[in-house]
Amino acid sequence: MENSDLKLSSSQVIMLKKAISEFFSKHNTNKLKQIFYFFDRDGNGYLDSVELKTVMKQIANEKVTEDDVRQMMDEADTNKNGFIEYTEFCEIMLRLRRNQD
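Going by the UniProt record's numbering, the sequence shown opens with residue 1, and the numbers climb by one from there.
None of these hints come from the bench; they were simulated from the model. Treat the numbers as computed from the prediction; the structure is a model and nothing was measured. Among the hints, a few may not be true.
Claimed, not checked - With a Cα cut of at most 25 angstroms, we get these calculated PhoX-like pairs of lysine-lysine:
#1 K63 to K7
#2 K53 to K31
#3 K53 to K18
#4 K18 to K57
#5 K57 to K80
#6 K80 to K26
#7 K17 to K53
#8 K17 to K7
#9 K63 to K18
#10 K80 to K18
#11 K57 to K33
#12 K80 to K53
#13 K7 to K31
#14 K31 to K17
#15 K17 to K33
#16 K53 to K33
#17 K57 to K31
#18 K63 to K53
#19 K7 to K57
#20 K31 to K18
#21 K7 to K18
#22 K7 to K53
#23 K18 to K33
#24 K33 to K80
#25 K7 to K33
When you get a sec, could you build the whole thing from the sequences and use the hints?
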């Protein structure tokens, strides 16, 4: 899959941003699966650094660097297999939400 194939459409970006907003502002944990689905561009059940960087670049209000992506991967990939699995994704998102409160 090429990087251009990994990009979200503009309507997907809007839906993802709305889901993220509802997760953080309304504490809607049901949105986690939807958010993960948007990041998991190839549908294999886990996120790699390319997927993470591609989607983060589209939704972030600031530039996302390789170092940023590496840091995110290091923090979220708790079993150190090189991927962010759904359970790891949920853990990091819930931690981010707790830190926001």
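To test your reading of the hints: which numbers does this structure violate?
Hint check: 6, 10 fail, others pass.
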